[in-house]
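Participant: Sequence:
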Amino acid sequence: MDGEIDPGRRLPVPVTVLGPLHLLAQRVHRLANTGHGHEALAAADAYLAIAHAVGDDRTILFLVQGQMYANLYMGRLIEAADLGERLLRLHQAAGSTLGEAKCLCDLAQVDVLRGRYFVAMRNLARAAVLLDLPYTDFGRRISALCSFAEAATAAEMYEIAAATYEKLSITHANFSLVHAATLLHWGLRLSHVGRHDEGANRLRRSAEITRRQVEQRPDDMVATAMLALALAKLGDVVPAEKLAREAVMPLRQSENFRYARMAHLALGISLRAQGALAEARTEFVAARELCAFGPRPDEKPVIRFEMALTALAIEDGQAGRDLFDAVEGQTRELWRLRMQRLAMLRQARQREESEAALERAEREVLRDPLTGLDNRRRFDLLMDRIDRGLAATPMVLLIVDVDHFKAINDAYSHATGDRALREVARILRAHCRTEDVPVRYAGDEFTVFLQGDLAVGREVAERIRAAVARTDIVPGVRLTVSVGLAVLGEGMSGETLFREADDRLYAAKWSGRNTISS
1 MDGEIDPGRR
11 LPVPVTVLGP
21 LHLLAQRVHR
31 LANTGHGHEA
41 LAAADAYLAI
51 AHAVGDDRTI
61 LFLVQGQMYA
71 NLYMGRLIEA
81 ADLGERLLRL
91 HQAAGSTLGE
101 AKCLCDLAQV
111 DVLRGRYFVA
121 MRNLARAAVL
131 LDLPYTDFGR
141 RISALCSFAE
151 AATAAEMYEI
161 AAATYEKLSI
171 THANFSLVHA
181 ATLLHWGLRL
191 SHVGRHDEGA
201 NRLRRSAEIT
211 RRQVEQRPDD
221 MVATAMLALA
231 LAKLGDVVPA
241 EKLAREAVMP
251 LRQSENFRYA
261 RMAHLALGIS
271 LRAQGALAEA
281 RTEFVAAREL
291 CAFGPRPDEK
301 PVIRFEMALT
311 ALAIEDGQAG
321 RDLFDAVEGQ
331 TRELWRLRMQ
341 RLAMLRQARQ
351 REESEAALER
361 AEREVLRDPL
371 TGLDNRRRFD
381 LLMDRIDRGL
391 AATPMVLLIV
401 DVDHFKAIND
411 AYSHATGDRA
421 LREVARILRA
431 HCRTEDVPVR
441 YAGDEFTVFL
451 QGDLAVGREV
461 AERIRAAVAR
471 TDIVPGVRLT
481 VSVGLAVLGE
491 GMSGETLFRE
501 ADDRLYAAKW
511 SGRNTISS
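Just so we're aligned: 157 in the UniProt record's numbering is position 157 of the sequence shown, and the numbers increase by one with no gaps anywhere.
Hint data in this document are derived by calculation from the structure and do not stem from the laboratory.
Just so it is clear, CB atoms sit at the ideal spot from N, CA and C, and this is done for glycine as well.
Incorrect hints may appear among the rest.
[What the hints assert, rightly or not] Computed spacing ranges between beta-carbons, pair by pair: (1) A53 <-> G75: 28 to 34 Å; (2) A46 <-> D503: 52 to 58 Å; (3) G194 <-> G95: 48 to 54 Å; (4) Q347 <-> A173: 31 to 37 Å.
[Unchecked claim] Okay, derived cross-link-like pairs now, EDC-like style, lysine to aspartate or glutamate, Cα gap no bigger than 20 Å in a straight line: (5) K300 <-> D316; (6) K509 <-> D403; (7) K406 <-> D444; (8) K406 <-> D418; (9) K242 <-> D220; (10) K406 <-> E423; (11) K167 <-> E150; (12) K167 <-> D137; (13) K167 <-> D132; (14) K406 <-> E445.
Given the sequences, and given the hints that come with them, work out the whole structure.
Facilitator: And the structure:
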């Protein structure tokens, strides 16, 4: 019918890791990142309908992610958290560890902004453990590390964010400025809590990075504003003022308010150092007003502190000192809370690492060393779940038996037999989804706990049988399997389910082998 999309038709475009409709998702992300949140959400709704219609699951993930970011940047944190939880479930169901790690980082950032620090540190710790695993998909790992660093930045854990960005900038130069921005804010905060030498070290490192960028690209107003702020705080106020004046209006006109705030701050600090106190205050007020446009959590305290210093310089009376003392006390308290978050993250990571080590040990106990599948102990645990009524339904149990396996061992050696078993295990894994559980039950016999009805079970069993029959383990020898199937009925025990599947297996054997029976 005209105007409808046939979900059975293939799209006439190449399929990428991002999905065939990835350009639609990229538009949503671009709108979200440039402050057009409402447009991003409207586009995502329209594009999701198309992606669902053509079955482009990968693009669906990126569209939902775009919706989450749009809500996050608009300050709609509850909506962003709901979408993040949905995205996390989708990645877990798909078995995407990197996707899960990135989503945990994004959720941690949302939780930080909501003041839910315990939950945020737990999610960030879990993500850190996942990101320590070996990966070959470097692009997606970099994306997940960026989300990790952004969440750490939102929590003002500069040590963690700076270390992550520094590692990324070694191989990817485009991360240098983000690293410099992290060092810049870290240096400012250190100077505000009286740790001036440490602050100056971070500011100098930030200035080194941004100066190289400005020398290479004098028209880069972002780097110019950052360099101006670092120089101003280091006391090099004349060049800082010049750079800040160059950058402030272009940044405001391009609506790059984050770095426009930096330029105003740099101007204010430079003017104050030169005695132009009223003009300095005007610049700080301008920076504060621009905080209406999505500030970082640490920007308002920085601006407030610099304004208090300026107020004290304008009016060095009791009122000015009282105001400054109050702001300074608040600044130190915020720094103390920041240190608490670092301790919370360390403790959460230790727990996650301990739990991960325990999970690995448990997996090894439940793993068959020859085939890498789960072993008889896992089988017994799954049967116990069935007996206790905890198994997810619908479920089909497959029993897969290698035909004439003893003859293969006798004729070709046990090493060849082991190779045959490993190949059958590989085929079972290839035809199982994340929620299915293949098990080496005993010897040359395997079972599969398959989520689905009998029709799904027959389809999977036939694919397994055909794949084994095509396998060339030993030249001139045809390896085959017989498969018996049984459906888990209401109130059925594990023993009854196994017995019914075993009866079907014997029926398949008696009918000539290399077949399935249900």
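Participant: Of the hints given before, which are not true for this structure?
Facilitator: The structure conflicts with hint 5 only, although it agrees with all the remaining ones.
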